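J.: If you want the building blocks of each chain, they are given just below.
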Amino acid sequence: MEQTTSLVQIKGIRDGLLATFLDAPWEDQCAALLAQVDERPAFFQGARLAIDVGSQALKVNDLVDLRDRLSERSITLWAIVSESQVTEHTSQLLGLATRISKPRPQEQVHHEVVSSDTALFVAKTLRSGTRVEYPGNVVVMGDVNPGAEIIAEGNVIVWGRVRGTIHAGSKGDRAAFICALDLSAIQLRIAGETSAMLKPQKDPKPEIATINSEGRLQAELWHPG
Amino acid sequence: MTAQVITVTSGKGGVGKTTAVANLATALAADGRKVVCMDGDIGLRNLDVIMGLENRIVYDIVDVIEGRCKLKQAMIRDKHYPDLYLIPAAQTRDKNAVSPSDMMRICNDLKPDTDFIIIDSPAGIERGFRNAIAAADRVLVVTNPEVSAVRDADRVVGILEAEEKGSPSLILNRLNPALVKNNDMLSPEDVLDLLGIQLIGIVPEDESVIIGSNRGAPVVTDAKSRAGQAFRNIARRIQGHNVPFMDLEQQGGLWGAIQKLTGRK
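Residue numbers (the numbering used here), protein chains in the order written: chain F, 55 to 279; chain A, 267 to 531.
Hints listed in this document are in silico derivations from the structure and should not be mistaken for laboratory results.
This structure is a prediction, so every number in the text was calculated from the model and none was measured.
Backbone N, C-alpha and C fix where the C-beta goes; we use that ideal spot for every residue, glycine too.
Mixed in with the good hints, there may be bad ones.
Below are the EDC-like pairs computed for lysine to aspartate or glutamate, each with C-alpha atoms no more than 20 Å apart in a straight line [stated by the list, open to error]:
1. LYS431(A) to GLU187(F)
2. LYS178(F) to GLU427(A)
3. LYS253(F) to ASP349(A)
4. LYS253(F) to ASP227(F)
5. LYS256(F) to ASP456(A)
6. LYS178(F) to ASP459(A)
7. LYS65(F) to ASP92(F)
8. LYS253(F) to ASP459(A)
9. LYS300(A) to ASP403(A)
10. LYS278(A) to GLU427(A)
11. LYS256(F) to ASP450(A)
12. LYS377(A) to ASP403(A)
13. LYS253(F) to GLU320(A)
14. LYS256(F) to ASP513(A)
15. LYS300(A) to ASP360(A)
16. LYS259(F) to ASP450(A)
Stretch-level coverage of chain F by chain A, calculated; a stretch enters the list once three of its residues show a Cβ under 8 Å from a Cβ in chain A [stated by the list, open to error]:
17. 123-137
18. 218-226
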């Protein structure tokens, strides 16, 4: 028993409980966590639990399964903290938080350096409640619906309609741009500049938003060449 | 037979989930199907009221889960259709009294001698919603043609896709063609454009829905009601029939339908 439970460290944080998974296969970690819960059901009853899963890349099924098993024990899984982009993305799809109020000590050190030549490719429509954060460029093949957010340190390109919120150059890159086939976003931001809501157009054309020479965020029609 | 489990959900409250469940269940029963509907809104039950069965409740779903009664004892037979049953929610408990696996177990017990199990989901995307979708083979998302309802529906569709429940079908409820015509209401095209899921029916705004709900007689039993007709059509589509959309519902024929309506007046 001691062997399995030592795979998981649990401590109290401001927002509830934080379980930190140490290096081991996912199934073993889940089993260890549930074993700890079952040992002290009264302590865990009604708890809000965040889990730091380290660098593991987790799929939807993994997290749904764990969440349901926790839910049966009256524990709400509300956040997954991870270094893996895949896991962060999965968590966002499930509507789980990926940031907790207590910052991870190693977060800054671990910061991924992404080349300006590469981009995160999202091959689907981002629906309300989805948040994509990436330390580089983001390309979306689909729409960005109202209530969805993209926060990129680089540029954002959307092959579809933008009706949500987009922040390009989120770490202050004023040369960043946002372009889309239809740019009727609720709010666009580039570096520190913010644009108000762009009116939906009857006959949308591809547009590109940049910071112009006067230092204001401006969207204009895209002209090839 | 093995039942198909259909969950009706929406994200936002007040868009007509419970009304849709009562009407679809009644319409399916009227077509000769054996139907059980379950109220998933523990603590805020009202499916029993809309179906006019409130005064018959003895046991509820939490009694079944906690072993105080047999499943059969909590199934209330409808007043008019002998093959339509309601399993009511508990009014004095909260969502935590039920877990996703409880819902799976109850549905599995019902499946062998039922055609359709229809689950009424509570509003929101929390515990009650998770319970309601746990056993679903198919999900119907109800929305109204208004911006906030559509945004919540979009969120729900995203969660359903992430949970690999398959793409849900859409019921667009309370469409007012006159308002759409004046550009004062989102059109069916606007809503479908955003949500990108399959449409299974459009229900026009109709005061007979409210009258029926207050009387405990779902509007599908009113042969003259257009909303009733729309729900009957959806029930047929659920059974796999290819029913053409009502005049009002056709994208191209929408304006013609309105002109016909106003011409009559």
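J.: Next step is simple, just say for each hint if it's right about the structure.
T.: Hints and how they fare:
| no. | hint | verdict |
| --- | --- | --- |
| 1 | LYS431(A) to GLU187(F) | violated (25 Å) |
| 2 | LYS178(F) to GLU427(A) | holds (11 Å) |
| 3 | LYS253(F) to ASP349(A) | violated (52 Å) |
| 4 | LYS253(F) to ASP227(F) | violated (26 Å) |
| 5 | LYS256(F) to ASP456(A) | holds (12 Å) |
| 6 | LYS178(F) to ASP459(A) | holds (14 Å) |
| 7 | LYS65(F) to ASP92(F) | holds (16 Å) |
| 8 | LYS253(F) to ASP459(A) | holds (17 Å) |
| 9 | LYS300(A) to ASP403(A) | holds (17 Å) |
| 10 | LYS278(A) to GLU427(A) | holds (18 Å) |
| 11 | LYS256(F) to ASP450(A) | holds (16 Å) |
| 12 | LYS377(A) to ASP403(A) | holds (12 Å) |
| 13 | LYS253(F) to GLU320(A) | violated (49 Å) |
| 14 | LYS256(F) to ASP513(A) | violated (26 Å) |
| 15 | LYS300(A) to ASP360(A) | violated (29 Å) |
| 16 | LYS259(F) to ASP450(A) | violated (25 Å) |
| 17 | 123-137 | holds (count 4) |
| 18 | 218-226 | violated (count 0) |
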